[in-house]
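Top to bottom, those sequences are chains Z and S.
Numbering (our numbering) for the first sequence: 1 to 258.
Numbering (our numbering) for the second sequence: 259 to 643.
The hints are simulated quantities; they were obtained by calculation from the structure and are not laboratory data.
Treat the numbers as computed from the prediction; the structure is a model and nothing was measured.
With a straight-line cut-off of 25 Å between C-alpha atoms, the simulated BS3-like cross-links for lysine-lysine are: (1) S:413 - Z:70; (2) S:413 - Z:237; (3) S:413 - Z:74; (4) Z:73 - S:517; (5) S:499 - S:569; (6) Z:255 - Z:12; (7) S:413 - Z:73; (8) S:517 - Z:140; (9) Z:185 - S:352; (10) S:404 - Z:185; (11) Z:185 - Z:255; (12) S:389 - Z:70; (13) Z:187 - S:352.
If you want a taste of the chain Z side facing chain S, the calculated C-beta under 8 Å gives, among others: (14) 54; (15) 78; (16) 102; (17) 104; (18) 129; (19) 156.
Now the in silico label distances, taken between C-beta atoms and shown as ranges: (20) Z:194 - S:624: 56 to 64 Å; (21) S:625 - Z:167: 56 to 64 Å; (22) Z:204 - S:494: 46 to 54 Å; (23) Z:190 - S:353: 25 to 33 Å; (24) Z:15 - S:286: 52 to 60 Å; (25) S:282 - Z:137: 24 to 32 Å; (26) S:353 - Z:146: 46 to 54 Å; (27) Z:252 - S:374: 54 to 62 Å; (28) Z:244 - S:285: 51 to 59 Å; (29) S:396 - Z:185: 26 to 34 Å; (30) Z:240 - S:353: 30 to 38 Å; (31) S:307 - Z:158: 44 to 52 Å; (32) S:494 - Z:167: 36 to 44 Å.
We put the CB at the ideal spot given by N, CA and C, even for glycine.
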Amino acid sequence: MGKLRGALLRLKACGQKAIIPYIVAGFPDLETSLDLVFELQKRGASAIEIGIPFSDPMVDGPVIQAAHAKALKKGVTPLSILEAIKERESQWEVPLIVMTYFNLVFRMGERHFARLLKEAGISGAIIPDLPPEEAGEWLKASNEHEIDVVFLVAPNTPEKRIQKIVSLTTGFIYYLSLKGVTGSKIKDLQNVKERVKMIKHITPLPVCVGFGIRERWEAESLLEEADGIIVGSSLLKALMEGGPSQMLELFMELKGNV
Amino acid sequence: MRYGGRYVPETLFWPLVELEEAWRRFKENEEFKNELNALLRDYAGRPTPLYLAQNLSQFLGFKVYLKREDLCHTGAHKINNTLGQCLLAKKMGKRRVIAETGAGQHGVATACASALLGLECTIYMGEEDIKRQELNVFRMELLRAKVVPVTSGSKTLKDAINEALRDWATNVDDTHYVIGSVVGPHPFPEIVREFQSIIGKETKEQILKLEGRLPTHLIACVGGGSNALGLFYPFENDQVKFIGIEAEGAATLSLSGEKGVLHGFLSYFIQDEWGQILETNAIAAGLDYPGVGPDHARYKEEGRAEYYPLKKEDAIKGFLTLSRLEGIIPALESAHAIGWLLKNKRSFKKDDLVIVCLSGRGDKDVELVRNFLRKGKWGSLEGLF
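Construct all of the structure, not just a fragment, from the sequences and the given hints.
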């Protein structure tokens, strides 16, 4: 079992919930973004998702798109990001997860990418545009380098397909609270909770919910069923509008008693 | 290498499976086929002529036929695909369609088909392209479509596709995405290829009737590659040479593309060493795409087709030459195929039989060409000839 899954299962075993913030490496600059990872860890994040920016982030809404574009303008590359994470390896106590788009992985080669993740001390990866059907090479590579693989389950994924997805997932199940892009509005919280409940009947894997979580009450309600929540767009929006202090404040608010 | 695939976020995966099922069902359905054929005939104006360009042939020294897709309703081959996909959307019970557009040709063709079939229509178009093609925006609005400016990334076609995919992921229950070329996740490249193959099927029948033999060469411009694939595909198993012409500023297969994954499929893309997609710079908006359809990647790998880049100046020469010799103003996209032929006429033999896909008419480009000539070093048209 990888470090990511282990950490989440330990939380689950003690009846605790996970809160996983998302930041974009290189936004507002590489050093600040990694400082933020450290600060989020200090404030009780269970794991941290680090976005490696891509020119065409298809799954992301306007906020994260803008962060990716600005980070790329600063000149960060997958390698410079992973090297910077590796340099500060002694600082990381919680599992780090990379989220990026498949072309960056494909270009480097799945094996090479997985090895670099491991060397940087990363324990999981989310590639939202890589469904299990196309992930053959990636599953081999991540297995070889002990990277926990996180697949997505969407509101319209049929139950039979969920069974297939969970059978290939080694990290946790990332349940999408909505159809659409990051940062949209969740329309039917009750339905999300019912779907999460159904997935938990299918698999003992931790199930975390992400996309569109903005308010404390949404987080609290979702965590009645989910093992964890992932928050990205709202944190980045706070970072854009009020800098690191506002972002960390919002994180504490969303976290509540988690 | 297995090109194509379905590299999409989970929200789109199942809808693509459902689309494929519906597609398999309807493409064999007689009623659907009859309905589509009637639309293509009575509404779009098919079959389009295969025209022997006598003056051009004389000028070049070998026989050149033009497949006149420029005579289709809306002035380009795009309507073949939008009628097919909008009809499919309607049969699938969708009430809304969306599409991306670069210069506006595919947007206009989607707007026409959706107006005709009573579907709500939203077109995504890069802010930069909107500035360059103001009239086409109004044209789409006349046709009841809503045009949404795309302000992300390079604000051009590739970003319009990103935005259309985001809309589709959000509204997939009642919306069909009418993708405009032989690109995107499976089964889109296959669907668009099938709807555009009418170009090649007609051509084959026509040339056999006119000349009693198959052509030696098929030439077409390639952006995403739909008019080229539509012409080539029905000749795949024949002894006929395929030549695809790319704009030098967006020459994915012939110059600068590398294997990659974007917009849901694996193919060649213009990208940096890390896989970040780069901006392209083609004079013809319809060729201004950093990728190419998976079938073309396969043709290139198998050596089935050859791909060549063409400079802007040579495309303009093609544009001017066809206008002056044949009285046909070609779309700047199609002018790339003509321009390449002019430049490479020495590599052809006297008894070669060449067919060029004239994928669209050039009315949309006259202002651009005028400005190019005014700014350019040529001074006047006469200096060229």
